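Colleague: Quick note on our numbering: the first sequence kicks off at 45 and runs consecutively.
Hints in this document: simulated from the structure, not taken from any laboratory. Hints are supplied without guarantee of correctness; some may be wrong.
Stated by the list, open to error - When the alpha-carbon atoms are kept at most 20 Å apart in a straight line, the in silico EDC-like pairs for lysine to aspartate or glutamate are as follows: (1) K358 <-> D370; (2) K557 <-> E160; (3) K384 <-> D415; (4) K194 <-> E230; (5) K199 <-> D248; (6) K312 <-> D415; (7) K313 <-> E160; (8) K416 <-> E359.
To be verified - What follows is a set of in silico ranges between Cβ atoms, one per label pair, in the way DEER data are often shown: (9) R78 <-> Q408: 37 to 43 Å; (10) D389 <-> S155: 17 to 23 Å; (11) K358 <-> G315: 54 to 60 Å.
Since this is a predicted model, take the numbers as computed values, not measurements. Built from N, CA and C at the ideal position, the CB exists for glycine as well.
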Amino acid sequence: MNIDKIILDAVKKALNELYKLEANENQIQLQNTRKDFEGDVTLVVFPFLRFSKKTPEATAEEIGNHLLKSVDVIENYNVIKGFLNLVIDKTFWLTVLQEAYSQEKYGIKLSEENSELAMIEYSSPNTNKPLHLGHIRNNLLGFSISEILKANGKKVVKTNIVNDRGIHICKSMYAWQMWGNGKTPENSGMKGDHLVGEFYVEFDKHYKAEIAELVQKGISKEEAENQAPSILGARELLRKWEAKDEETVQLWKTMNEWVYEGFDITYKKLGVDFDKIYYESETYLVGKEEVLRGLDEGIFYRKDDNSVWADLTKEGLDQKILLRSDGTSVYMTQDIGTAKMRFADFAIDKMVYVVGNEQNYHFQVLAHLLDKLGFEWGKDLYHFSYGMVELPSGKMKSREGTVVDADDLVEEMVNVARNMSKELGKLDSLSAQEAEKTYRMIAMGALKYFILKVDPKKNMLFNPEESIDFNGNTGPFIQYTFARIQSVLRKAADNTITIDKTIQSGSLSDKEKDILKRISLFPGTVKEAGSNYSPAVIANYCYELVKEYNQFYHDHSILSEPDMDKRNFRLILSATVGNVIKSGMNMLGIEMPERM
RNA sequence: GCCCCGGUAGCUCAGUUGGAUAGAGCAACUGCCUUCUAAGCAGUAGGUCAUGGGUUCGAAUCCCGUCCGGGGUACCA
């Protein structure tokens, strides 16, 4: 039951009867009444003045009067300037609660046999270094969007394209061969991805030193960058890899394996997962074939130096290289192959790429290329473009070591959560194991909420010293409210208070009504989050709801309320709020603790 | 140079298809725990919505110019 829909229809009818106006739905502007005025739903009457030919006040009066007579749930109205504030009967709000309480999956649409299938690509790491804060934003967004689409009744396949081949991993391989001394995760006790990342940094160190040395000998910088022994060594490894040299392939496999073991741990900590993983090493050749097919069919062209290009000037873009003059593939080549394989593997209705906004141009081009190659879904791909995470010191750069490592950050967060919980003495009654689990829940709740509550499009600033808070508009605040509710419900059960599932009508306080109104907005919020791919919409909704609940909690007693009907109503209200915020937060990948 | 994105309180961010007096949190200051969890609640203070025009009954929101910041820009990914 949707109050806006009811009123919309009634307003339409009223306009017709009063002014003979066939209004379309976007002409009718409904909004939630501002807190400072009496009422629940507000109709903006300015658009109708030219039909009523009266003042805003008179028009609003006229419509208000009509609605009062024609709509049951409208109990009263008032007019302020051109705004018609409608007061909705409290029994309507109670029906909303009744409905929400009776459905465990309130506001959530389950997928069906013939639901649309969305494939969400996210994470997409290179295998030469561990994950950092930028990847965290990517992973959390990708996971959350997947959950949100699921809640909107879509079938979802979460996928990851692992960039497991290329010059970057060869750099780590080269460094390991040269200076590794047989170091392994086992004999060093280091996490595999960190170990490989160490050699990537090691490579860069030597490479830079070599360039400096060459430049000192009078060679130009550009030349030096191409002649340094390290880069020649790495390129040689790449060549050998492509030629399937056994020893090189073996080393590549081994080091990638180390990285995957490390990634698995990080993914698990972040609570993200994938239904299907693609590897660049298995898709880039498919991409190459597609490009060559395009060349045969005259869609692309070859330059004198043997490189292959696409001309996108007609589409308002530039020329784009697809195969280098030495025949090797570029990033774009691989993405074409991956796309082809995915659509062969799944009946995809919507392909979503969760990739940073630095690649906006890349995906614009990809869409056109796929289209030219005859894939009818090419134009439909959606690049979910998110902004960069910046540090107070500026942009993160892997090679310069100015990154916030994902594993370090998570552990640091857990430490802060642990210390704070101990300081507050909150979890003393739990076993050490359960307490530890809760610390992690809180830590991840803080981190995830912090990242997901902001508009994904915008760059965001992360200050390791200050950004993570546990008070105010934060994940832990919402978790805390949930734990409070569970505590009340536990106490009710302990006192053998059973909840009567039918709500008795009675008086409603303002705070109680605010919460009911907010609950009624949940289904629409889930829908909006789905159509806008927006975890932030869900996060902000949960915060508003929880804030209102805490005000209610502060002002009203629940268990010691003498009026049994009221007590029952408040228990149902509490349970429903708990259920709704759990649903919402789960869409952000945030778990809710029973106690904290 | 050209293209794209952004600029809202000291800081981090909300702000629905253009609607009422632009909202939260943090930081600062003040109250509230013998009563269901004070990771809470209530209050004070804090604004030229970068800037100049335009459209409109009405603009943080739409259009144009300027300034500032970020990203991209033909053999990096």
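Colleague: What hints, given by number in increasing order, does this structure fail?
Modeller: Numbers 1, 2, 4, 5, 6, 7 and 11, in rising order.
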